[in-house]
Amino acid sequence: MIKFRFFFFLFFSFTFLLSCARLIEDDFPAFDNTIVINNILVEGEAISLNLSKTASVSAKSVQFVENATISLAIDGVYQGDLNYNELGNYYSAVEAEGGKKYDFTVQLPTGKTFTVEQELPIKKQFISLKHIEQAHVNEEGVVEPSILMQISNDFPANNYFQVLIWLKTFEGMVNAELLNTDDIILLNEGTPLAVFSNQLAASDTLALRLNYTTNSTSRFNDGPVQARLYPMVIELRTCNKAYYEFVKQNYFYELSRYPDITGGNQAAISNYANIFGEGITGIAAGYSSIVSDTIFPSNYSNGNK
Amino acid sequence: MVAVFCFLSFISAGQGTVSGYIRDETSKENLIGAFIYSQSTRQGATTNTKGYFSLHATAGDSLVVSYLGYQAQKIFLSNPPTTLLEINMKQSNETLNEVEVRAKRDLVAPMTSLSGSDFKAIPSIGAVNDVIKAIQLFPGITAQNEGSSQLIVRGGRPGENLYLLDNIPLIYVNHLGGFYSVFNSDIINRLDVYKDAFPAKYGGKLSSVVSITQREGNAEAFKGNFSIGPMAGSLLLEGPTKIKNLTYIVSFRKTLIDALMALGTSLSNANDFIFFYGFHDFNSKITYKPDLKNTFSLSLYQGDDYLNYWTKFSDGDVVSKSRRQTIWGNWMLSGQWKRAVNQKLFSESSLSYLRYRLKYKSIYRQDDRQEESTFDNRFKSVLEEVRFAHSYEQFIKPNFSLQYGVQASRKTFNPNSISSKEKVFASGEIDYAYEGAIFAEAAINFFNYSNLVLGPRLNGFKNGKYTSLNLAPRATLSIGLNRTNWLTAKYTKANQYAYLLFTSGFIANNEIWIPAYEEAPAASSTQYSVGYKSDSFIRGLNLQVEVYQKYLNNITVYREDISNIFGDTNWKNKLVNGGEGRSRGLELLMKKSYGLYQGFISYTLARTEYNFGQINEGKTYVYEFDRTHTFSLNLSRQLNRNLLLSANWVYQTGLPFTPAIGKKLVPNPEDPSQYNEVLIYGERNSARLRDYHRLDLGLVYNTLSKNGRDVTWTFSIYNTYSRQNAYTNFYNTNSSLDYSFSESQAGSLKQYQASFFPIIPSFTYALKFEKGNRKNEE
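Just so you know, the sequences run in chain order A and B. Under this note's numbering, the residues of the first sequence are numbered 1 to 305, in order. Under this note's numbering, the residues of the second sequence are numbered 306 to 1083, in order.
Please keep in mind that the hints were generated in silico from the structure rather than gathered at the bench.
Short, incomplete list of chain A residues facing chain B, as computed with Cβ under 8 angstroms:
| id | residue |
| --- | --- |
| 1 | Asp26 |
| 2 | Val36 |
| 3 | Val137 |
| 4 | Asn188 |
Keep in mind it's a predicted model, so treat the numbers as computed, not measured. Quick reminder that beta carbons are idealized off the backbone N, C-alpha and C, glycines included.
Required output: the full structure, derived from the provided sequences and hints.
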């Protein structure tokens, strides 16, 4: 995506000086009549489900549902009830596994019962992974890095992926932003995220180029100004379709959450939900992931002081 | 039709035809819409956009000629002339009286017509006369957002307006994201806006026709005009040439802030980076009139906006540079030939080339001595059109005239091409489309004051395997109650074969045009309206009232979650097709064009809804630019010969927005063990921003410079009482527009509005010069 961030910054600064904000409403009606289910499964982690309620726009926080009874079945085999922990979280001792189907039966304190189901995909593998330290240039002339990767997929069956570039910075693990995306598969998704399907795959190997930025610069051996590089690990998440759709719609929600006065006004878009019922909403989604070995850029030891 | 024709032949027996041009005495500019009236036959005619008229008269007839702002003339005909007349009218310094205005009779005139001088009486932002902003004050026409020059006409979308410069279509008509229109008012003779009942010769857009006729240049003396304001400066030159009957007019307008921005950013960052924005437009027209029958003209328009961001890094002898540039705008070149074939037949031919392009490039050279860049990334979106049009206007009988013609164009769409050093995407996605039309339009006057215009138009389009053939008829029936009052009924059908994809509020242009294709077939609109029109409602006030209903079909837009398709080879799956819209409204315009106080009152009551299968879960929703009530009041007062005071007051219902009704938890996509609070939205566009209103004041002061040149100072105050009009609403824990820190701030969410246009005073200075003619030397 082409961005004119600096121009926007200047224009924003100018309009900011001219602009003013005015309070329109601070007392919103109650809105606590809907149960919210969040059932995110991650392979290798304890199976869990979160129950809360919707709240008024101006509410300080949402309320959690604490006295529900939730039973779990995996591939149709009953596994017992989930245990309540805190903050609306219900846990099982069983860890989620890829390739299995999970069914939850939720009975609320009011006696109302409903079911939630989803299937966790089997994780796909990196076929190759290559880090390019000088790959593209940002709007300030800073040379930025890129990652070339090949991953397996079940072509022609549908697969969904999310890739996270975890930089090991001094402040901790930071997910790198993509920049100057020119990869056909990523462009096809319409977001600046590394969240994609194998819709454009022509074989069981999917090749991608992820141009990214570390949002930090350094100069090395009197060369050009370039991105400060960090050791990193690459996480490949093989998602079910619901998780893929959730991540994308969450991005669109965030994009429309605040008006971008220079970049175009998006109509407000609600966040994702795939659980619907009378007085019920929520998300049932999950993924299986693998994480690469740590990649050390060549100039890391000398360049990042 | 044959019976009517015979009847008209009968009643016209024994009469002759007078035809010719009505022009300004001093400049020889065509006077468009001037009225000429035969006292013996009691027939009247109005000059067309070429200043041409054809009128039936008798021997010994008296012709009365009138035009607003000019002295009325009476011409005696001993015998109807066999050649063309050239009637030159003298400007009047006196305030027009009511009788002259009431003599005007123009049944088929569009609801909104403005001449160049009308713009002076409409104050605007930046004290720059902006024709597009001026017509936004008229009923049925609104701006997309505050400050924007994008037109929303009767619930249509910005890409559904046909902008014509001397009958040649232009694609991109805005500067600076819509804050300025590309039409330099210095060169405009006349502007007509059609919201329905489009003349049959116009097609290809669904919602309106904005036809701008440029001036031809002063035929008697060299003249010029230089003006400067805070935003831009412009220069206009016009006059005759050494070649007899060859005139020229040239105007150039350019922003002045480019250099200041470049200098400011450069100095503040030790030459490390330069940033500047600017725009320019260049209009030129050469007109050759070898005789009264023929007029040849050649026009060139070029206008661009540009955004530049350059950086430089020095390290010893090595200097690395990056260049980022975005350019967007039009090129238009046209040649036209207008010919009065005989007293009853007028022909017009044109051949034109148009190119709209949006271009972006990012280049980086690690060492600026290297010829080859180390990084080179480019994007472009182009629409080119080669167009031929030929038409006739035939004045067959006193009460019957006919227009007919053909149009053909070849369009090249390259909507979405991106290239880099390593690879080229989308280079093959060029669509060659062909669009053509044949049309005929018959105008029949009957029962003294009544009129019927029938305009069938057959449109054809071909883009690869996709073809479309559509009949787009238009009809207007005006029943004259008496000399100054009419009832009208109109039917309009239109087709559109290219779609504008854009994101509203995007300050740098992101407008991309795509052709109709199998999955996004031709769009159409059907419109019905009835109304009442009076040229003398109360003491000579003009009144127009219309009720309309408009249906839009097969609309194509971006998907709900997409704001651009830059570089995306699979862009077609980012679109939503098959949209339907419906707009209904009541419009009222009351206008006073004579006397010390002049002005108009405009009111619109409207409702527009859209339905797209993939937007808002397929449910019908209120159009994002729908305004229930729109009211404008314009008033001007000529204080004396040198001072003109004017004011606008505008009131509009606030734009719709989608309100939050609650909030809930969702997982964090990066770490789903964590949860975020997110808003839950209600029905799309089910709430309204606060109502909008503002008062603009303008003062035009004409004086003489020290060396006797005409000088005009134009002062304007936009939003005089600094109303905080809502640009948008947002939810935050505090009123800060810096949202980046809001998530971590504790507290309850509140709803705020953001406003961006407080009181804005400004001025322009204009100096007129004329060869050998200084007022204090007279």
